[in-house]
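Engineer: Sequence:
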Amino acid sequence: MDTPPSHPLLILLVAVLTILMVWQLSWWLLRLGGRASVALVSQFPATQIMARTHPLRAALSRRAPRT
612 MDTPPSHPLL
622 ILLVAVLTIL
632 MVWQLSWWLL
642 RLGGRASVAL
652 VSQFPATQIM
662 ARTHPLRAAL
672 SRRAPRT
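678 is the number that the working numbering gives the last residue of the sequence shown; the numbers go up by one with no jumps.
Don't read these hints as lab results, they were simulated from the structure. The beta-carbon is built from N, C-alpha and C at its ideal position, and this holds for glycine as well. A couple of the hints might just be wrong.
Have a look at the derived ranges for each label pair, beta carbon to beta carbon [said to hold, decoys possible]:
| id | residue 1 | residue 2 | range |
| --- | --- | --- | --- |
| 1 | L628 | V649 | 57 to 67 Å |
| 2 | L671 | Q635 | 25 to 35 Å |
| 3 | L636 | T614 | 31 to 41 Å |
| 4 | V627 | A670 | 32 to 42 Å |
| 5 | A670 | G644 | 25 to 35 Å |
| 6 | L620 | V652 | 25 to 35 Å |
| 7 | A670 | L631 | 49 to 59 Å |
| 8 | L671 | V627 | 21 to 31 Å |
| 9 | A670 | T629 | 47 to 57 Å |
| 10 | I630 | S653 | 32 to 42 Å |
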């Protein structure tokens, strides 16, 4: 026969700790992904990224400045 757990507070404590560890791991992965994306974007100047992705932006970036 299945017997109920002898220490329900211990089970509750383990459940809370598990939830907190998963929460912390998810935030850590989110921050790591943010840092990686910032590092990747900082390698390329913004004007060149826009010039590569949109032809109108490329034409505007080569245009003479306004007077």
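Engineer: For every hint, state whether the structure bears it out.
Structural biologist: Now the hints, each set against the structure:
About 32 Å separates the C-beta atoms of L628 and V649, a value inconsistent with the hinted range of 57 to 67 Å. Range check, L671 to Q635: about 45 Å between beta-carbon atoms, so the 25 to 35 Å window is missed. For L636 paired with T614, a C-beta distance near 33 Å keeps the hint of 31 to 41 Å intact. Distance hint for V627 and A670: a CB-CB separation of about 58 Å, inconsistent with the stated range 32 to 42 Å.
Distance hint check: the CB atoms of A670 and G644 are about 34 Å apart, consistent with the given range 25 to 35 Å. Hint check: L620 to V652, Cβ distance near 48 Å, so the stated range 25 to 35 Å is violated. Distance hint for A670 and L631: a CB-CB separation of about 53 Å, consistent with the stated range 49 to 59 Å. Taking 21 to 31 Å as the suggested C-beta distance range, the pair L671 and V627 does not conform, at roughly 55 Å.
Take A670 and T629: their Cβ atoms lie about 56 Å apart, and the range 47 to 57 Å holds. The hint said 32 to 42 Å for the Cβ distance between I630 and S653, and at roughly 35 Å that hint holds.
Of the numbered hints given earlier, the model fails hints 1, 2, 4, 6 and 8; all others are met.
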